[in-house]
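*Asks:* Protein chains in written order, with the numbering used here: chain A, 1 to 245; chain B, 1001 to 1291.
It should be emphasised that the hints constitute simulated quantities derived from the structure, not laboratory data. Even glycine gets a Cβ: it sits at the ideal position worked out from N, Cα and C. Among these hints, one or two may not hold up.
To be verified - Listed below are the simulated DSS-like cross-link pairs for lysine-lysine, each with C-alpha atoms no more than 25 Å apart in a straight line:
(1) K1166(B) <-> K163(A)
(2) K222(A) <-> K1061(B)
(3) K163(A) <-> K1033(B)
(4) K1033(B) <-> K87(A)
(5) K87(A) <-> K1061(B)
(6) K1121(B) <-> K205(A)
(7) K205(A) <-> K1190(B)
(8) K1121(B) <-> K87(A)
(9) K1190(B) <-> K222(A)
(10) K1026(B) <-> K223(A)
(11) K1190(B) <-> K163(A)
(12) K1166(B) <-> K33(A)
(13) K223(A) <-> K1061(B)
To be verified - Covered stretches of chain A, as calculated for chain B (at least 3 residues, CB under 8 Å):
(14) 124-138
(15) 151-158
Unchecked claim - Now the stretches of chain B that chain A is said to cover, found in silico as 3 or more residues with beta-carbon under 8 Å:
(16) 1015-1029
(17) 1065-1075
(18) 1154-1161
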Amino acid sequence: MAVETDVLEFVSNMDAADNLDVIVAMFDKLIVKYGYEYFRCAEILRRNNPLDPYVAFGEINEDWCERYREKRYVFSDSTVQLGLQSKYPFAWSDVRDKKRISSISKRIFEEAETEFGYKDGLVVPIHLDNGSISMFSIIGEKPDISDAVRRGLGMAAVFMHSKARHFAIEERDIASPKAPVSVSRRQLDCIQWVAEGKSDWEISKILGISESTVHNHIEAAKKGFAVNTRVQAVVEASRRRLIVL
Amino acid sequence: MICAVTFEKRHQFKTLLDDMHVARHKLYVEGRKWRELAKADGRETDQFDRESTVYFLSLGKSRELHGGLRLVPTTEEHMLDSLFPELCASGVIPRGPDVWEMSRVFVNHTETCDSDGLLIKGKLMCAMIEFAEQNGIKKITGVSDSYFLPRLLQIGADIKPLGLPKPYESGEMLAIQINIDPTTLQKAQKHYNIPGPMLEETAYEHGGDTIQPEEEILQLSSEIELLKSKGYVSEREQMIEEFMDLVRLLGSNDRRVVSEAENRLDDLARRARNSQPGFHHQSSLGSSMLQ
């Protein structure tokens, strides 16, 4: 199967790439074979945790991006709505052909097509451990949306997103080297709620875990920051920009 | 802590392994509705639960089961070659003594984290990589729902697809391969926030105080019978002497003494088996594991 060979080759060639531009060029070369011209990946659901870099890449028309942002299309776009629930890549046309989509969503499809030539595309939803969801859209004039291509480019997109994310993490580590702290995300969640003035019992109800687990998380965070009180832990977490006050 | 339960250690983990089969049934049959795995006794087992299979069990503070996974050697029948060969591009299935297959990953706890704040899944992955490093395993293959691929890639390890995802009743699945290199463990530990080694070297189902010496000795003396019946007594005199010493130590109230004795016993059993070709009641674990 041609697409399988192409995608496996793309993934293995990505190892040698040392920056995002190289991979973007490689991905462009891959998708054009299947009738796609543009792509854009952006994190649309995100926990406000500075430990995770914000990942966005790929070029689509700036005017379209601007309009999409300004008119807050993200809240009406039915590909986004489906993407939030979908586990696997799907085509715009899968959504568009459905009768029950809102008039705003219909208009978004029409504007994209008539004004920018974005006729059809694939949406690859990318779900991460921390609850973050990214949408990777691959768009074209007359794209091949067969199942094999959908799965193939979908997989290529996931590997590309991962590589871009690791580049972003590396960049951040180089830009702001910090003394390493061994405080887990769950512990930080608890510290964040301590900062909001919540008690152990309240935090246990919010996070759906037991009160003693909350207590242990906070004790562990204090240890991780090498401080003695929870107020200090909040200050330390905030100073290191691990929580947002 | 994570225990790697090899065939030799299974007798110490009888209850926990049974709990594991129950937990797997709950997750895969009752949760994910993989009806073909349903068993009347509520314990999920399949053809890959064999002597050569190594189980990784994540245990809580009072040594209750929190999660697990298993590794199967690819030199024998495994999932990719017997159930999902179509997931490997052009049918090339990775195989060899240094290639093991991971499957049946489950978390059997009300939370994804233990009380120490560490992800159970993360502990299991790190322990599995430690085990791979210690036993010369270079590649770990597996079949995964493609929905989980981005999460797996978050680790930052060298993970490659073996082919494109394909549709199944339960979702879109794909085959992947984790290449173990000197950086893999460090990357996994960093990603999952795991502070250090997770693999418990000498692991027991029971604490020292609950070990029942009589039962253990009974079991061991039947092994003596076995040795005798094989007619190896004269050649094995020294080993048997050592063995009897160990039996005595196993009855000790000091947990450390018992633990030390158990270790020496494992070692002794290995030596006895290796030196006597007619006395193999197992070990398809691969020579690298028997060092």
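*Asks:* Are the hints correct? Go through all of them and say.
*Replies:* Here is what the structure says about each hint:
1. K1166(B) <-> K163(A): 23 Å, holds
2. K222(A) <-> K1061(B): 21 Å, holds
3. K163(A) <-> K1033(B): Violated, because 34 Å separates the two Cα atoms, which is more than 25 Å.
4. K1033(B) <-> K87(A): Distance of about 17 Å is within 25 Å: holds.
5. K87(A) <-> K1061(B): 35 Å, violated
6. K1121(B) <-> K205(A): Judged against 25 Å, a Cα distance of about 23 Å means the pair holds.
7. K205(A) <-> K1190(B): Not OK: K205(A) and K1190(B) at ~29 Å, beyond 25 Å, violated.
8. K1121(B) <-> K87(A): Within the cut-off at roughly 20 Å; holds.
9. K1190(B) <-> K222(A): Since the Cα atoms of K1190(B) and K222(A) sit roughly 20 Å apart, the hinted pair holds (cutoff 25 Å).
10. K1026(B) <-> K223(A): Violated. K1026(B) to K223(A) sits at ~37 Å, over the 25 Å cutoff.
11. K1190(B) <-> K163(A): 16 Å, holds
12. K1166(B) <-> K33(A): Satisfied, since the Cα-Cα distance of roughly 21 Å is no more than 25 Å.
13. K223(A) <-> K1061(B): 20 Å, holds
14. 124-138: holds (count 4)
15. 151-158: With 5 residues closer than 8 Å to chain B, the stretch 151-158 of chain A meets the three-residue bar; holds.
16. 1015-1029: violated (count 0)
17. 1065-1075: With 0 residues in contact (Cβ-Cβ under 8 Å with chain A), the coverage given for the stretch 1065-1075 of chain B is violated.
18. 1154-1161: holds (count 5)
Checked against the numbered hints above, the structure breaks hints 3, 5, 7, 10, 16 and 17 and satisfies the rest.
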